[in-house]
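Given the structure of chain V, go ahead and fit chain U onto it with the hints provided.
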Amino acid sequence: MDTVAHVMTPEQDSAQVKRIWKAFWVLLVLTILELALGLTIYFLEKGEPSAFGILSIKIVIIIFTIAKAFYIISIFMHLGDERRNMIMSIGIPALLFIWFIIAFLTEGNSIRYYRNTDAKTIKYEQQHIRHQPLNIPPGAENKYKVNH
Amino acid sequence: METAAVQTKKGLWSGGRSPFNVSYGKLMMWYFLLSDSFTFGAFLISYGTIRFSSNYWVDHNYVFNSFPGIHANAPLAFVSLMTFILIFSSVTMVLAVHEGHKMNKRGVEKWLMFTILGGLAFLSCQAVEWTHLLTTSHPVLVNGQIEYWNTTTSHNPWGPRVLFEGGLINTPGPVAFGGYFFGITGFHGFHVSVGVILLIITLINTKRGVFHNRGHYEMVEKIGLYWHFVDLVWVFVFLCFYLI
Numbered sequence: 235m236d237t238v239a240h241v242m243t244p245e246q247d248s249a250q251v252k253r254i255w256k257a258f259w260v261l262l263v264l265t266i267l268e269l270a271l272g273l274t275i276y277f278l279e280k281g282e283p284s285a286f287g288i289l290s291i292k293i294v295i296i297i298f299t300i301a302k303a304f305y306i307i308s309i310f311m312h313l314g315d316e317r318r319n320m321i322m323s324i325g326i327p328a329l330l331f332i333w334f335i336i337a338f339l340t341e342g343n344s345i346r347y348y349r350n351t352d353a354k355t356i357k358y359e360q361q362h363i364r365h366q367p368l369n370i371p372p373g374a375e376n377k378y379k380v381n382h
Numbered sequence: 223m224e225t226a227a228v229q230t231k232k233g234l235w236s237g238g239r240s241p242f243n244v245s246y247g248k249l250m251m252w253y254f255l256l257s258d259s260f261t262f263g264a265f266l267i268s269y270g271t272i273r274f275s276s277n278y279w280v281d282h283n284y285v286f287n288s289f290p291g292i293h294a295n296a297p298l299a300f301v302s303l304m305t306f307i308l309i310f311s312s313v314t315m316v317l318a319v320h321e322g323h324k325m326n327k328r329g330v331e332k333w334l335m336f337t338i339l340g341g342l343a344f345l346s347c348q349a350v351e352w353t354h355l356l357t358t359s360h361p362v363l364v365n366g367q368i369e370y371w372n373t374t375t376s377h378n379p380w381g382p383r384v385l386f387e388g389g390l391i392n393t394p395g396p397v398a399f400g401g402y403f404f405g406i407t408g409f410h411g412f413h414v415s416v417g418v419i420l421l422i423i424t425l426i427n428t429k430r431g432v433f434h435n436r437g438h439y440e441m442v443e444k445i446g447l448y449w450h451f452v453d454l455v456w457v458f459v460f461l462c463f464y465l466i
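Respectively, the protein sequence lines represent chains V and U. In case it helps, the working numbering puts the first sequence at residues 235 to 382. In case it helps, the working numbering puts the second sequence at residues 223 to 466.
One chain only, chain V, in its complex shape (with noise of 0.2 Å):
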């Protein structure tokens, strides 16, 4: 991209307004896609769900994301067009989150292991725990009201 503007044909200045569109149609259908996974999880959990299962879905949604990110970064942002050596002196350095990400949840699953166990110090075995219990009794659930 230079700093001068562009002189475009009819024909190029539609095909890009049409390459928006679709990137935005894209992008409109992942959401509304990442938005009924997000809904099976919440209908799903209101059961005994396996835990692997929902994972599977959350990982589903995160595919979805990095998809939407993608479309975000190379059509809006235009990044897809620039040089190459540009586009690997923003994407290299961005790399670093694999590491960060990977290092950080890793540090954050043992504080718990070693929380639980009391440094390993006493037996513990992980539970499940879940913000709806299940078998609630009939009324119990609007017993205590909210203050709006």
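Worth flagging that the hints you see were computed from the coordinates, not collected in a lab. Since we're looking at a predicted model, the values are computed, not measured. C-beta atoms are modelled at their ideal positions from N, C-alpha and C, and glycine is treated no differently. It cannot be assumed that every hint is accurate.
Here chain U is said to cover these stretches of chain V; the calculated rule only asks that three of the stretch's residues, wherever they fall, bring their Cβ under 8 Å from a Cβ of chain U [to be verified]: (1) 304–311; (2) 320–333; (3) 336–343.
Dumping the calculated DSSO-like pairs for lysine-lysine here, alpha-carbon to alpha-carbon at most 27 Å [as the list claims (entries may be wrong)]: (4) V:256 with V:280; (5) V:252 with U:444; (6) U:444 with V:357; (7) U:248 with U:324; (8) V:252 with U:332; (9) U:429 with U:332; (10) U:248 with U:429; (11) V:377 with U:324; (12) U:248 with V:256; (13) V:280 with V:379; (14) U:324 with V:256; (15) V:354 with V:280; (16) U:324 with U:444; (17) U:248 with U:332; (18) U:324 with U:429; (19) U:444 with V:256; (20) U:327 with V:256; (21) U:248 with V:379.
For chain U alone, coordinates are given in the frame of chain V:
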């Protein structure tokens, strides 16, 4: 500059012009955004670390389940609206940049206007959401007593629910939730506010014909990069706080 693009690789780095074929300002905007992404990344990853280190985290589908004006359980609904607004404002921004390439002053003005409206709509939604969280109090079972807590940086009424005297009641949840939620969405909201101010300045300058006389609308492009980045960050905030 058009002819420079076909020069050899040796000529590319021999000085005198940008080897990246971008202006200084645009390149620096990219590097600023890269550094800003590390700031946001650090916040979100530290949130993830704390979340992974806890035995229990809040269930976002119960925290964010209201829609202004409707008294019904609507998980994800309001935040979806916010997300759609931000994606749409991103499209209007890229259309403004596109009109700028064509030197179409009226087109730039029109799409910038829509982008500003989108940004303001998003900020209003965030204000409504924050107000709702900060002013709605929930019954919480604390040491065998029922207390009423708002969702703040020091109180979290969204712990696991237990049965107490025949009713279902929340227990205190992890305090870190409020700090991370208000901190990160607030930092993002601050970026949106700055973006709206920059867009208003750009709109005024466009109306005054500053860019037209300069011969290019590169400033719109640079603000556009910033605005898309704000949208990009929201995609990840949306993921981390509302979806997983």
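Here's how the hints hold up against the structure:
1. 304–311: Check passed, 5 qualifying residues.
2. 320–333: Answer holds; 7 residues pass the 8 Å Cβ test.
3. 336–343: It holds, with 5 qualifying residues against the three required.
4. V:256 with V:280: violated, 37 Å
5. V:252 with U:444: Holds, at roughly 22 Å.
6. U:444 with V:357: violated, 56 Å
7. U:248 with U:324: holds, 19 Å
8. V:252 with U:332: Since the Cα atoms of residue 252 of chain V and residue 332 of chain U sit roughly 18 Å apart, the hinted pair holds (cutoff 27 Å).
9. U:429 with U:332: holds, 10 Å
10. U:248 with U:429: holds, 22 Å
11. V:377 with U:324: violated, 63 Å
12. U:248 with V:256: holds, 25 Å
13. V:280 with V:379: Roughly 21 Å between the alpha carbons, so the hint for residue 280 of chain V and residue 379 of chain V holds.
14. U:324 with V:256: holds, 20 Å
15. V:354 with V:280: violated, 34 Å
16. U:324 with U:444: holds, 16 Å
17. U:248 with U:332: holds, 23 Å
18. U:324 with U:429: Holds, at about 16 Å.
19. U:444 with V:256: holds, 22 Å
20. U:327 with V:256: holds, 24 Å
21. U:248 with V:379: violated, 54 Å
Against the hints set out earlier in the document, violations occur for numbers 4, 6, 11, 15, 21.
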